[in-house]
Amino acid sequence: MNEMSQRFLPQRFLAQAQAPRAVARPVNLSRRGLLGAAAGALVLGVTLPGGRARAQAAAPAIVPGTRVNAFLAIRPDSTVLFRSPFIEGGQGIFTAMAQIIGEELDIDPARFTLEGAPPGPDYLLIGGGARFTGGSMSVRMSYEAMRKLGASARLMLLQAASARLGVPVAALSTEPGRVLHAASGRALAYGEIAAEAAKLPVPPAPALRSPAEFRWIGKRVPRLDVRDKSTGRAQYTIDLTLEGMLLAAVQHSPRLGEQPGALANEAEVRAMPGVHSIHRLPGAVAVLASSWWRARRAVEALQVTWTAAPAGTAAAMPADFSSEAHKEKLKGMAGEGVAFEAVGDAAAAMGKASRVVEATYDAPYLAHGQLEPPSALVRWNQDGTLEMWIPNQAPEMFQAAAAQVAGIPPEKVILHSPILGGFFGRHFLYASANPFPQAILLSKAVGRPVKLIWSREEEFLRDALRPASVARFRAGLDASGLPVALQAVAVGEGAVSRWFGRQPDKVDSSAVEGIAGKVYAIPDLRVGQIHVDDPAVIGFWRSVGHSMNDFFYETFFDEMADAGRQDPYELRRRLLASSPRHKALLEAVADLSGGWKRGPFQVADGTRRARGVAMASPFGSEVATIAEVSLRDGEVVVHDVWVAIDPGSIVNPAVIESQVNSAVALGLSSALLEQVVYEKGEPQARNFDGYPILPPDRMPRVHVRIVESGAPMGGIGEPGLPGVPPAVVNAIAALTGRRIRSLPLSKVDFKGMQG
Amino acid sequence: MELSINGSKRNVEAEPDTPLLWVLRDELGMTGTKYGCGLAQCGACTVLVDGQATRSCVTPVESVAGSAIMTIEAIEQDPVGKKVVEAWVASQVPQCGYCQSGQVMAATALLKQSPKPSEDEIAGAMVNLCRCGTYNAIAAAVRQAAQG
Numbered sequence: 001m002n003e004m005s006q007r008f009l010p011q012r013f014l015a016q017a018q019a020p021r022a023v024a025r026p027v028n029l030s031r032r033g034l035l036g037a038a039a040g041a042l043v044l045g046v047t048l049p050g051g052r053a054r055a056q057a058a059a060p061a062i063v064p065g066t067r068v069n070a071f072l073a074i075r076p077d078s079t080v081l082f083r084s085p086f087i088e089g090g091q092g093i094f095t096a097m098a099q100i101i102g103e104e105l106d107i108d109p110a111r112f113t114l115e116g117a118p119p120g121p122d123y124l125l126i127g128g129g130a131r132f133t134g135g136s137m138s139v140r141m142s143y144e145a146m147r148k149l150g151a152s153a154r155l156m157l158l159q160a161a162s163a164r165l166g167v168p169v170a171a172l173s174t175e176p177g178r179v180l181h182a183a184s185g186r187a188l189a190y191g192e193i194a195a196e197a198a199k200l201p202v203p204p205a206p207a208l209r210s211p212a213e214f215r216w217i218g219k220r221v222p223r224l225d226v227r228d229k230s231t232g233r234a235q236y237t238i239d240l241t242l243e244g245m246l247l248a249a250v251q252h253s254p255r256l257g258e259q260p261g262a263l264a265n266e267a268e269v270r271a272m273p274g275v276h277s278i279h280r281l282p283g284a285v286a287v288l289a290s291s292w293w294r295a296r297r298a299v300e301a302l303q304v305t306w307t308a309a310p311a312g313t314a315a316a317m318p319a320d321f322s323s324e325a326h327k328e329k330l331k332g333m334a335g336e337g338v339a340f341e342a343v344g345d346a347a348a349a350m351g352k353a354s355r356v357v358e359a360t361y362d363a364p365y366l367a368h369g370q371l372e373p374p375s376a377l378v379r380w381n382q383d384g385t386l387e388m389w390i391p392n393q394a395p396e397m398f399q400a401a402a403a404q405v406a407g408i409p410p411e412k413v414i415l416h417s418p419i420l421g422g423f424f425g426r427h428f429l430y431a432s433a434n435p436f437p438q439a440i441l442l443s444k445a446v447g448r449p450v451k452l453i454w455s456r457e458e459e460f461l462r463d464a465l466r467p468a469s470v471a472r473f474r475a476g477l478d479a480s481g482l483p484v485a486l487q488a489v490a491v492g493e494g495a496v497s498r499w500f501g502r503q504p505d506k507v508d509s510s511a512v513e514g515i516a517g518k519v520y521a522i523p524d525l526r527v528g529q530i531h532v533d534d535p536a537v538i539g540f541w542r543s544v545g546h547s548m549n550d551f552f553y554e555t556f557f558d559e560m561a562d563a564g565r566q567d568p569y570e571l572r573r574r575l576l577a578s579s580p581r582h583k584a585l586l587e588a589v590a591d592l593s594g595g596w597k598r599g600p601f602q603v604a605d606g607t608r609r610a611r612g613v614a615m616a617s618p619f620g621s622e623v624a625t626i627a628e629v630s631l632r633d634g635e636v637v638v639h640d641v642w643v644a645i646d647p648g649s650i651v652n653p654a655v656i657e658s659q660v661n662s663a664v665a666l667g668l669s670s671a672l673l674e675q676v677v678y679e680k681g682e683p684q685a686r687n688f689d690g691y692p693i694l695p696p697d698r699m700p701r702v703h704v705r706i707v708e709s710g711a712p713m714g715g716i717g718e719p720g721l722p723g724v725p726p727a728v729v730n731a732i733a734a735l736t737g738r739r740i741r742s743l744p745l746s747k748v749d750f751k752g753m754q755g
Numbered sequence: 001m002e003l004s005i006n007g008s009k010r011n012v013e014a015e016p017d018t019p020l021l022w023v024l025r026d027e028l029g030m031t032g033t034k035y036g037c038g039l040a041q042c043g044a045c046t047v048l049v050d051g052q053a054t055r056s057c058v059t060p061v062e063s064v065a066g067s068a069i070m071t072i073e074a075i076e077q078d079p080v081g082k083k084v085v086e087a088w089v090a091s092q093v094p095q096c097g098y099c100q101s102g103q104v105m106a107a108t109a110l111l112k113q114s115p116k117p118s119e120d121e122i123a124g125a126m127v128n129l130c131r132c133g134t135y136n137a138i139a140a141a142v143r144q145a146a147q148g
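Protein chains in written order, with the working numbering: chain A, 1 to 755; chain B, 1 to 148.
Simulated from the structure, these hints should not be mistaken for lab results.
Hints should not be assumed to be uniformly reliable.
[Claimed, not checked] Label pairs and their in silico Cβ distance ranges:
#	chain 1	residue 1	chain 2	residue 2	range
1	A	Gly-312	B	Ser-8	37 to 47 Å
2	A	Glu-679	B	Ala-140	35 to 45 Å
3	B	Gln-52	A	Gly-634	27 to 37 Å
[Unchecked claim] So the derived list for chain B, only partly shown, Cβ under 10 Å to chain A, looks like this:
#	residue
4	Met-1
5	Asp-26
6	Tyr-35
7	Val-49
8	Asp-50
9	Gly-51
10	Val-58
11	Thr-71
12	Pro-79
13	Val-80
14	Val-84
15	Trp-88
16	Cys-96
17	Gly-133
18	Thr-134
19	Ala-141
A quick note: this is a predicted structure, and the numbers were derived from the prediction, not measured.
Beta carbons: idealized from backbone N, C-alpha and C, even for Gly.
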């Protein structure tokens, strides 16, 4: 047995990772194989400082998103390699980046290849010195910087052409991929002058193209990765191989914190086909073998005695933890919580109301369920560096965490960020939910490269879950049935405070977003949070707090409307009277659906149907959603979902339509089917047989209208989701008269109801 | 054990009960076929065995010795498969793309057996999971491939 360090991995890697490092880190280009000799002569080559001392000596700080050579390489054939600060996991980010850069650089986005940029100060484009892909922020936060970068690169090419041709820059122009000298009819392909251009200083304030002249931004540019993803050529972390590597599989302790004790049948397992070695890890056992199937079969055959978590173990899962009991605990938490949003005096206004409506809602834990199981490919190089290929959405944070696990400085960690087989928030740095620390330890133990894959069952055991949550509402209505006061409290823990630290007197915005920040004119309101530690490992799940909170709020909105005898669509319109952007969007979705009609109504196929409406303001965009439902054999059928989305301005309408389709699918999946159930500290489902996700035959038609209001650019990946569960549940209420306040709907048997 | 994969004979050494998926991925280095669930729930591992869509994650390799196995790696060499790929590109189907090898294989199997499938046949054959929810684009692409 290889005895490994029993030291626990840091519970919160981010303490270290949060402080951005000021120094540039060296990048081993030949290893990355990016721009090396194999690619031929480079044009704009990466010229990062070679080491810490040099970087510290170099006075000017690196301004993220400005150094052309850190992002772009134009090859001799005038194709472009772009190192994307943001990771592609299906959101269309790579294509959007090619459109934005291509527009200003003046080269067709189809000529781009992209890959995830390495860790480094050039790429810290989010929130003033940080980087992660998430919060639907990638395009909107980098849009201006990337346009300038493309424009700077074009100007450098013009300057290089000017020197080559001996004519002033003013006499030159570009057409896609070429510099032209109109007077002499001469032309230079970008690839011919890129090497010279790369040596020039980056112009600080290049002129940008007028949006009226955009050829690619705002257009339905085909996605760059579609053919590779339709032919099996696209490679994810799980597909990568290294010479001499061993395959690893793990068996985790049933409850987080428990440790491996005796292995009853170690000798037998060691004798199984292909087994190389058996290892103890913090909270897990592992087998290394010549193939992953052999490793998995062996590790699952191991009979492990798990010892209780040592006292004081952070995040240890209680042996009696039950998700149902946790929900009841949240429901039982009295009080109004710490205020997050307050307008007027909600308590006083409530006292004067003619009628008060109250309801309590809850939503379960959710798993990410991305189809690529987590993996990590790790190699310790002879020069003392640690090279890793890992699914991640935050390279600098993962680099810092890996360095901590490996006991080496961060600059010794070479991190590759392959495309992701599903995003959804799964690949953030979640201590116990990432396989790479195990792979580092295993590779170190055997002195060989290791590829670790978590089986689907291990993934369901260690995923970081969308938190379970409860929300309580009270609304005061006036004599005419209009809401005049609203009090709401969200009960539970937010994922932001779990991973970025909690201040007890402050509300975690991710716990209340979607209850707070609503756009309706209700004169007196208060939104608060009661924090309750969540025993489960929680994380970010597509649209985060909005994924449940807009369901809570927007279904309660319909309860208010019904209580006041108001049509829910008309009441929304009325409360948006002084908010033209939102009113127009609500009317746009009604128009898209052929005019608002709540129902129930009969359609030609004989089914009885109804519609529900909901609005949401997630991640800088505005969304209005209508869903049409019926019942069949006691189950909800969602026929159509109409979505009007206003992201202010856009880069690619086709990608937006795809993302809205995707968000509708995931939102509907959560509303209809999904819940992670814990009993005795263990998740009851360990694969998709016990945790069903939306199958094709339950996918509705999706209709999308994009509204460009000209507001600041908003997000796209997540905003389509939050309106779906409330629109569906509101439609069910219209159809059946029954208010569903707890998800998923699969818990409800609608048999016998009129539908 | 000898297998026939994409028209070539391949000798493999895996234990006879090893799922075909892991023979393809680990022993033969053909990683276009994906591991998603290992339980025939998701269909990411779909290959064709004698023309039938088959979930390779639960198919013991010994059970397909002597059968014609086709994987995504050969999809563009197959006339029906090529048509399906072109429809997938035209409809811009993939998002994350991880399930799409299996989806393309399932569509190819369907169109080999039923070149002009009805909506019910499409729904009956295209049952693989997609967490990105590309289902509408998949159905559109299958219809297009059937017309092309």
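Verification of the supplied hints:
At roughly 58 Å, the beta-carbon separation of Gly-312/A and Ser-8/B lies outside the given 37 to 47 Å, and the hint is violated. Checking the proposed 35 to 45 Å range against Glu-679/A and Ala-140/B shows it holds: the Cβ atoms sit about 42 Å from each other. Between Gln-52/B and Gly-634/A the CB atoms are about 34 Å apart, so this pair conforms to the stated range of 27 to 37 Å. A distance limit of 10 Å between C-beta atoms decides the matter here; for Met-1/B the minimum to chain A is near 14 Å, and the interface restraint is violated.
Taking 10 Å as the C-beta cut-off, the interface hint given for Asp-26/B holds, the closest approach to chain A being about 4 Å. With a cut of 10 Å, the hint placing Tyr-35/B at the interface with chain A holds, because the nearest CB-to-CB distance is about 7 Å. Interface restraint check: Val-49/B against chain A, minimum CB-CB distance 17 Å, threshold 10 Å, status violated. Below 10 Å, beta-carbon pairs count as interface contacts, and Asp-50/B has none with chain A, the closest being about 20 Å; its hint is therefore violated.
A hinted interface residue such as Gly-51/B counts as satisfied when its beta carbon comes closer than 10 Å to some beta carbon of chain A; here the least separation is about 18 Å, so the hint is violated. Given the 10 Å rule on beta carbons, the hint for Val-58/B is violated: about 12 Å separates it from the nearest Cβ of chain A. For the restraint placing Thr-71/B at the interface with chain A, the shortest Cβ-Cβ distance is roughly 7 Å, inside the 10 Å limit, so the hint holds. Annotation: Pro-79/B was flagged as interfacial toward chain A, and the flag is violated, the nearest CB pair being 15 Å apart, outside 10 Å.
Taking 10 Å as the C-beta cut-off, the interface hint given for Val-80/B is violated, the closest approach to chain A being about 14 Å. Contact between Val-84/B and chain A, as hinted, is supported at the beta carbon level, the nearest pair being about 8 Å apart and thus within 10 Å. The beta carbon of Trp-88/B is positioned within 10 Å of a beta carbon in chain A (closest approach about 4 Å), and the interface hint is therefore held. At a threshold of 10 Å, the smallest CB-CB gap from Cys-96/B to chain A is about 3 Å, leaving the interface hint in force.
This hint holds: Gly-133/B has a C-beta 2 Å from the nearest C-beta of chain A, less than the 10 Å allowed. A hinted interface residue such as Thr-134/B counts as satisfied when its beta carbon comes closer than 10 Å to some beta carbon of chain A; here the least separation is about 7 Å, so the hint holds. Against a cut-off of 10 Å between C-beta atoms, the interface hint on Ala-141/B holds, since the closest Cβ of chain A lies about 9 Å away.
The structure shown violates the earlier hints numbered 1, 4, 7, 8, 9, 10, 12, 13.
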